[in-house]
Structures are given as C-alpha cells and as structure tokens.
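Colleague: Working from the sequences, and respecting the hints, build out all of it.
Single-letter residue listing:
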Amino acid sequence: MILQGRSFLRRCIFSTDHKVVGIQYGITALFFLLFGFCLMLLMRWQLAYPGTPIPWIGQWLGENRAPGGVVLPEFYNELGAMHGTIMVFLGVVPLLVGAFGNYLIPLQIGAPDMAFPKLNMASYWTYLLGGLTMLVSFFVPGGAANSGCTAYPPLADIATAGQTVWLLGMVCIITSSLLGSINFITTIFQLRAEGLTFMRLPFFVWAQLITSFLLLLAFPPLEAAGILQLFDRVAATSFFLPSGLVVSGEPLKVSGGGSALLWQHLFWFLGHPEVYVILLPSMGIVTEIIVNNIRRPLYGYRTMVYSVIFLGLMSFIVWAHHMYLTGMGTALSAFFQTTTMIISIPSVVILSCLFLSLWGGSIRFNTPMLFALSFLPMFGIGGLTGLPLGVATVDIHLHDTYYVIGHFHYIVAPGTIFAIFAGIYYWFPKVTGKRMNENLGQLHFWPSLFLMNGIFMPMFIQGLAGVSRRLYDGGAQYAHAQGVLHLNVGISMCAWLLALFQIPFIVNLIWSMAKKEKAALDNPWEATTLEWAAPTPPPHGNFREIPKVYRGPYEYSVPGAAKDFTPQSEA
Amino acid sequence: MSVMNTAIPYTVEARPETGLYNAKLGMWLFLASEVMLFGGLFSAYVFLRMAAAHWPAGSSILSIPLGAVNTVVLITSSITMSLASAAVKERKFDQFKVNLGLTILLALVFLSVKSFEYGMKFSHHMYPKTNTFLAIYFALTGVHVLHVLGGLVVNAYFWGPGSRMGQADPQRFANRIEIAGLYWNFVDVVWILLFVTLYLL
Ligand code: HEM
Ligand SMILES: [Cu+2]
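In the order they appear, the protein sequences are chains X and H. First residue of the first sequence? That's 27 in our numbering, and the numbers climb one at a time after it. First residue of the second sequence? That's 19 in our numbering, and the numbers climb one at a time after it.
Just so you know, the hints here were simulated from the structure itself, not pulled from any lab data. C-beta atoms are modelled at their ideal positions from N, C-alpha and C, and glycine is treated no differently. Just to be clear, a hint being listed does not mean it is correct.
Unchecked claim - Computed list of lysine to any residue pairs in SDA-like fashion (alpha-carbon distance at most 20 Å, straight line):
no.	chain 1	residue 1	chain 2	residue 2
1	X	K144	H	L152
2	X	K574	H	I197
3	H	K147	X	L181
4	X	K574	X	F591
5	H	K42	X	L145
6	X	K144	H	I26
7	H	K139	X	V260
8	H	K42	X	F215
9	X	K574	H	Y28
10	X	K589	X	R390
11	X	K279	H	T148
12	X	K144	H	R190
13	X	K279	H	L152
14	X	K574	H	T36
To be verified - A short list of chain H residues far from chain X (calculated; beta carbon distances all over 12 Å):
no.	residue
15	T94
16	S100
17	A104
18	R109
19	D112
20	G119
21	L120
22	L123
23	V131
24	E135
25	S141
26	V207
As the list claims (entries may be wrong) - Reference excerpt, derived from the structure (chain H facing chain X, CB under 8 Å, subset only):
no.	residue
27	P83
28	V87
29	N149
Modeller: What follows is the structure, given as structure tokens:
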C-alpha cells in the first residue's frame with residue numbers, strides 16, 4: 027500500500043516525466059487563465075456601469091475592496107495589474123511553453139524525455155510557487171500590486187506591500203522559465219533522433235527553440251530590474267526615484283538621483299521579446315494544425331524558419347517603441363521606429379506562407395482547424411494595428427489608449443488563446459487516447475470568435491478617440507470620451523457572454539476525459555510528425571524503440587505515395 | 019505494455035555533432051543568461067552614472083587594497099579549481115581533493131573580506147540608501163556574493179558527499195567538476211569587472 031502510494035506520488039505529482047510536467051503546467055495554467063479572466067470580468071462591470079454595485083458577486087469582495095459592492099479605485103487598479111500579470115506570466119506563457127513545449131518537444135524530436143528531467147520538475151514547482159505568491163498578494167495589507175503589470179516607478183516604488191510580493195513572485199517565475207529554457211534548448215540540440223536534422227524539425231520545434239532563446243536572454247535584465255526595485259522598496263535606495271520627488275505634498279525622504287526611465291528600459295528589454303514568446307509558439311501550434319488539415323506540404327518551410335530566427339534576433343532591438351512618449355529624443359525614436367518597421371516583415375512573411383499554404387489544399391474543417399484558421403486574420407489585425415503604434419508621431423496620440431489594448435489583445439486573445447484552444451483540441455487524442463466532441467467544439471468556437479471581435483474591435487474606436495486605458499470610470503469625466511462611452515456596455519456584454527461560451531469547452535474537456543473510447547488510435551489525424559508514431563498515451567520513455575527519421579516534417583500528398591501522408595519515421 | 023528505454027542519451031559522453039555533453043551545453047546556456055543578468059545590472063550602473071550630476075570616485079569610498087586582495091584571492095581560486103578539474107580527469111583523487119579544498123577555503127576568505135568591507139561601510143553609516151553610488155555598489159556586489167555562495171555550496175558538496183561518485187562513475191564526476199569549474203571561472207571574471215568598474219573607475 028505504502029509503496030503504491032509513493033509510486034502514485036512519483037508518477038503523478040513529483041514526476042520528472044516531461045509529459046506529466048507538461049500536463050501539470052497545462053492544468054495549473056488553465057486555472058490561472060480562468061482566474062485572470064474573472065478579474066477582467068469584474069473590471070468590465072465598473073467600466074460599463076461606473077459606480078454601481080456589482081450584482082451578486084459584489085458583496086463577496088469585502089468591504090475594503092468593494093464597499094456595498096462598488097469597486098474601489100484602488101481595487102480596480104489591483105484588478106488591472108493582476109489581470110495582466112496573471113494572464114501573461116501565469117497563464118499564456120506557461121501554457122504555450124510549459125505545457126505544449128514540454129509535452130511535445132521530446133515527442134516531436136524522438137527523444138525519451140527532456141535532457142534534464144529533474145530541472146524540468148523543479149521548473150514547474152517554482153512556477154507554482156510564483157503563482158501562489160501572486161495569489162497570496164491579494165491578502166496582504168493594501169491588497170495586490172496596483173501599479174500596472176508593467177510596474178512603472180516611481181509609483182511602484184512607493185506602492186503598498188503587494189508590490190513587494192509581486193516582485194518576489196516574479197523572481198520565482200523568472201527562475202522557472204530560466205530552468206525551462208535551458209532545458210528546452212539543450213534538449214533540441216542534443217536529443218534529436220537519428221536523421222532529424224535541423225531542417226527536418228517541425229516548425230513548432232523551431233518556434234519553441236527561438237522562444238527559449240528569448241526567455242533565456244531577455245528575462246535576466248528584468249530580474250536585474252526586479253532586484254533593483256526590491257532594493258528601492260526594502261532598502262530605501264533610489265534607483266528609480268529622481269531627486270526632489272514630492273508625494274501627497276510631502277517631499278519623499280530618499281537620496282534621489284535615480285531614474286524612472288531606467289526601469290522602463292530594463293522592463294521593455296524583456297517586454298518586447300516577451301510578446302514574441304507569446305506569439306512564436308502560437309505560430310508553431312497553428313502551423314502544425316494547418317499543415318495537417320490541408321493535406322499538402324507547407325508553403326515555404328525554409329523561409330518560415332529563417333523568418334522566425336530573424337524575428338528572434340530583431341526582437342532584442344525594438345524595445346523602446348514602448349517609450350516614445352518619455353522624451354528620449356528624436357534620434358533614438360527614429361532608430362526604434364525603423365527597427366519596428368523591419369521586424370514586422372518576418373511576421374508578415376510567416377503569415378503569408380500560412381495563407382499561401384491554404385491555396386489548393388483539400389481543407390478539413392474540424393474544431394482545431396477552425397481555431398487555427400481564425401488565428402491568421404486575428405493575428406493579422408493585431409499585427410497591422412501595431413504598425414501605426416510603431417511610428418513615433420502617431421504613437422504620441424495613441425499611446426496608453428484603448429487602441430493599444432485592442433492591438434495587443436487581438437494578438438494574445440483571439441490570436442494566441444485560439445492557438446492554445448486549437449492545440450488542446452488537436453493533441454488531446456494523443457494525450458488521453460480519446461477525442462473531444464466536435465459539436466461542443468463548434469459551439470465553443472463560433473461564439474468565441476464573434477464575441478472576441480465584439481470585445482476588441484470597439485476598443486480601437488475608443489482609442490482613436492483618445493480614451494486612456496487606465497481610467498477607473500472608463501473616461502466618464504472626459505469630454506472627448508463622451509461619444510464613445512456607450513460602447514463600453516456592448517464590450518462588457520460580449521465579455522460576459524464570452525465567459526458563458528467557455529462552458530462548452532470545459533464540459534467537453536472533462537466529459538471527453540471521462541468517457542470510454544474503444545481503441546485509441548495512435549494517429550487519428552493521419553499526421554506525419556513523430557509524436558504520432560508513439561503509443562497512445564505515450565508511456566514513460568515515449569517510444570517503443572527510438573525512431574529514425576528519413577524525411578522532412580510535412581510530406582503530405584507526395585505524388586506516387588500510397589497514402590496522402592508519409593510519416594517522418596517511415597523509410 | 020512493453021518496457022521503454024528511458025535512458026537519456028549524451029548525459030556522459032558528448033554528442034558527436036555538437037561536441038558537447040548535455041550538462042556542458044546547459045551550463046553554457048546558463049552562463050549566457052548570467053551575462054544578461056549582470057549585463058542588466060552593469061547597464062544600470064552606466065545609466066545612473068551618466069545621468070548623475072556628480073559621481074564619487076570609487077577609491078574615495080571603497081578600499082582599493084581590500085578589493086585587490088579579493089581579486090587575487092578569487093583568481094587564485096580559479097586556478098585551483100582548474101587544477102582540481104584536471105586532476106579528476108586523470109583520476110588523481112587526492113590531488114583533486116586538495117585543490118578543490120583550497121578553492122573552497124579561498125572562497126571563504128573572499129566572503130570574509132567582503133563581509134569585513136560591508137561591516138566597515140555600515141559602521142561609517144554608509145548604507146545602500148545613502149546615495150546612488152553605494153546603492154549600485156551594494157546591489158552589484160550583493161548579487162555577486164550570492165553567486166560566490168552558490169558556488170561554494172556546490173563545491174563543498176562535490177568535495178564532501180558528492181565525491182563518492184568519483185569512484186562509482188568517474189567520467190560523469192569529471193564532467194560535473196568541469197562544469198562547476200566553468201561556473202566558478204565566470205564568477206571570477208564578473209568580480210574582476212566589478213573591481214575595475216566600482217573601485218578603480
Ligand atoms: C507585428 C508587429 C508589431 C508591432 C509593429 C507592434 C508595435 C507596438 C507598439 C509600438 C506598441 C507600443 C504602443 C504604446 O504603448 O503606445 C505596442 C504595444 C504592445 N504590443 Fe505590439 N507590436 C507588434 C506585435 C506585437 C505582438 C506579436 C504582440 C504579442 C503578443 C504585441 C504585444 C504588445 C503589447 C502587450 C503591448 C502593450 C504593452 C503595454 O504598454 O502594456 N505586439 N506594440
Ligand atoms: Cu513591443
């Protein structure tokens with residue numbers, strides 16, 4: 027009995043198997059995603075009906091957050107800061123990298139596990155610790171961090187204790203992703219199966235490889251910045267506090283001599299690569315699914331690989347396009363404006379390759395494919411609306427408005443999150459041996475697609491009108507906002523309905539897991555990459571025998587072949 | 019279900035294409051991220067110094083002799099670390115123990131000198147919050163001290179309980195010492211840069 031108990035712990039909780047770690051990441055991150063989403067649902071009430079009590083839920087929030095059910099400005103700020111932090115650092119990235127990357131990379135390269143299984147386990151547990159730290163921060167005096175998810179000083183330096191907890195949480199998250207990225211890169215370089223050259227890697231693996239490099243090299247400067255902000259908050263230094271700062275009419279008793287801009291530089295040096303950490307794995311997932319469902323080779327595989335490498339490199343020299351309004355000077359602005367225009371080229375190339383791949387394919391429209399296909403135009407809108415932001419003169423008007431919110435949410439919400447859904451529907455049969463229900467899948471997809479656009483499209487209009495993204499009442503006090511305020515109700519309605527239409531997904535997930543399927547197929551989608559050559563679900567060690575690779579990743583409809591797909595492991 | 023082969027390749031011997039075993043590549047990657055961490059801190063130093071109206075000369079606040087002693091101590095410890103690594107490759111475990119032991123002792127000397135320096139500053143009422151120079155001095159050297167401490171713990175483990183692997187699996191053990199040495203040399207290089215920027219420039 028005891029032995030069995032221990033083996034359960036070893037197998038399912040403290041496992042070093044990359045698949046178990048991947049699933050742990052996936053489940054935890056889905057919970058965080060849902061939680062971060064709920065924070066936003068609360069904010070949307072305040073924006074749609076400023077100053078009115080939130081029905082039902084309001085009374086549960088506590089007197090110090092929402093007396094009488096009306097959200098306090100301080101609590102609104104907490105919601106905003108934590109929504110961003112949780113969605114990006116605890117939801118989306120852990121899903122894309124921690125869950126999909128962990129589960130799929132060893133399988134797709136024909137390896138028995140990650141190069142460092144113990145580090146892999148440690149990476150998950152430090153991530154969980156970071157996540158719990160973030161949750162706990164809601165209950166410290168003054169509540170959670172409330173200086174925005176970008177933690178700009180001087181505000182963040184003098185904010186309530188929640189900010190310190192936020193910094194500690196970030197240190198855990200950074201450590202976790204450091205362990206993960208070292209592991210991923212080593213695994214991809216060292217453990218590829220025989221015959222699997224770099225130009226035969228599935229595009230998903232390429233995307234994960236570049237992503238890992240971004241995580242490896244871009245996160246440490248944020249860690250440095252975090253350490254300095256901790257110093258400022260705990261040891262009363264002035265790294266980010268300029269001289270002569272006055273707070274609430276009182277001169278601040280610090281030495282001064284620091285610079286708030288320093289934080290912004292260090293933060294965005296991570297921040298911009300981080301957006302590609304979100305984008306690239308999504309592109310990887312979407313590519314796998316689209317190629318599989320058009321039953322023909324990918325158009326421009328090599329071009330896509332070179333583009334993704336170029337994207338990775340460029341993403342390190344565009345960061346200051348987030349800082350045009352800081353008065354950093356026209357020479358610098360011109361530089362960063364140019365690099366920003368250049369970096370959009372490889373994204374467009376990748377997008378075009380995917381679009382061109384569709385041409386002449388016999389497309390199968392199943393749920394994963396629908397989500398993957400809708401990623402293309404949604405990411406397209408997100409990327410194209412980024413271009414005006416990249417031009418300094420235009421950004422002076424648009425900076426910090428709802429336009430920016432619309433821009434990046436088109437990429438992360440109907441873009442990346444759709445890619446995540448696509449991936450879940452697509453790889454579920456490999457993970458569990460069962461398929462998810464198609465009808466529920468469609469009931470999830472179509473409303474989500476419409477509602478996502480209902481939420482974010484109007485934000486462009488509000489942003490163009492100049493409505494700031496950080497207002498507690500959505501801009502009710504500003505004359506220039508009056509014409510577009512009514513949009514807030516519609517946006518909020520869409521957001522709440524969107525929550526409703528995630529229920530089919532949750533039901534589908536649980537129900538499909540619980541149901542009994544006759545015989546699990548190893549390769550239900552008739553795909554070519556190596557993960558489908560493994561038994562289902564793949565056991566510890568993955569393959570019956572380590573596979574050999576004889577061909578590129580996407581040999582679909584090869585003329586003269588017996589079937590319309592030729593797996594990589596087929597001689 | 020048939021038994022799967024779960025052994026991970028290239029944990030001990032190198033992969034021919036890359037010429038590296040897994041842990042060595044892992045350590046190089048880790049050091050790359052460390053370069054970015056200290057790079058971030060150093061650029062903060064440059065940024066603050068450029069923006070400052072007045073920046074004190076390091077020598078007017080810090081003790082150059084103590085810094086120089088510590089530089090010599092760390093460089094020596096890098097040499098003993100390399101000797102330890104070379105010894106274990108040739109399976110000369112007694113030499114290995116002596117040299118790794120010396121490395122550990124030198125690290126302790128370094129930490130003692132450093133804490134003496136910190137103590138002197140505190141006794142003169144010089145804290146991180148006193149001015150920006152001291153703030154960045156404590157931040158940079160503090161993070162570095164943590165790295166020395168980490169290296170010290172790992173080396174002590176390889177000297178003590180971890181050294182049993184030297185008999186059981188000498189090649190793997192030699193690999194471990196080799197990458198511990200890589201790390202230790204990195205910590206040494208960072209200190210030299212710190213010494214130059216903070217004390218001398
Ligand atoms: C394809 C080309 C892209 C361009 C030219 C671009 C340009 C910009 C610019 C200039 C800003 C700053 C706007 C401002 O604050 O005034 C911005 C903000 C932002 N972008 Fe993009 N972007 C692109 C792609 C992406 C991608 C792929 C993502 C990620 C998932 C992304 C996520 C973000 C985020 C999160 C912000 C807001 C940051 C904040 O202030 O909180 N962008 N973008
Ligand atoms: Cu950016």
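Colleague: All hints, please: hold or fail.
Modeller: Hint-by-hint comparison with the structure:
{"no.": "1", "hint": "X:K144 x H:L152", "result": "violated, 39 Å"}
{"no.": "2", "hint": "X:K574 x H:I197", "result": "violated, 31 Å"}
{"no.": "3", "hint": "H:K147 x X:L181", "result": "holds, 18 Å"}
{"no.": "4", "hint": "X:K574 x X:F591", "result": "holds, 17 Å"}
{"no.": "5", "hint": "H:K42 x X:L145", "result": "holds, 15 Å"}
{"no.": "6", "hint": "X:K144 x H:I26", "result": "holds, 12 Å"}
{"no.": "7", "hint": "H:K139 x X:V260", "result": "holds, 18 Å"}
{"no.": "8", "hint": "H:K42 x X:F215", "result": "holds, 12 Å"}
{"no.": "9", "hint": "X:K574 x H:Y28", "result": "holds, 17 Å"}
{"no.": "10", "hint": "X:K589 x X:R390", "result": "holds, 16 Å"}
{"no.": "11", "hint": "X:K279 x H:T148", "result": "holds, 11 Å"}
{"no.": "12", "hint": "X:K144 x H:R190", "result": "holds, 17 Å"}
{"no.": "13", "hint": "X:K279 x H:L152", "result": "holds, 17 Å"}
{"no.": "14", "hint": "X:K574 x H:T36", "result": "holds, 19 Å"}
{"no.": "15", "hint": "T94", "result": "holds, 29 Å"}
{"no.": "16", "hint": "S100", "result": "holds, 24 Å"}
{"no.": "17", "hint": "A104", "result": "holds, 25 Å"}
{"no.": "18", "hint": "R109", "result": "holds, 26 Å"}
{"no.": "19", "hint": "D112", "result": "holds, 31 Å"}
{"no.": "20", "hint": "G119", "result": "holds, 28 Å"}
{"no.": "21", "hint": "L120", "result": "holds, 30 Å"}
{"no.": "22", "hint": "L123", "result": "holds, 29 Å"}
{"no.": "23", "hint": "V131", "result": "holds, 22 Å"}
{"no.": "24", "hint": "E135", "result": "holds, 17 Å"}
{"no.": "25", "hint": "S141", "result": "holds, 17 Å"}
{"no.": "26", "hint": "V207", "result": "holds, 16 Å"}
{"no.": "27", "hint": "P83", "result": "violated, 27 Å"}
{"no.": "28", "hint": "V87", "result": "violated, 27 Å"}
{"no.": "29", "hint": "N149", "result": "holds, 5 Å"}
Consistency note: the structure conflicts with the earlier hints numbered 1, 2, 27 and 28.
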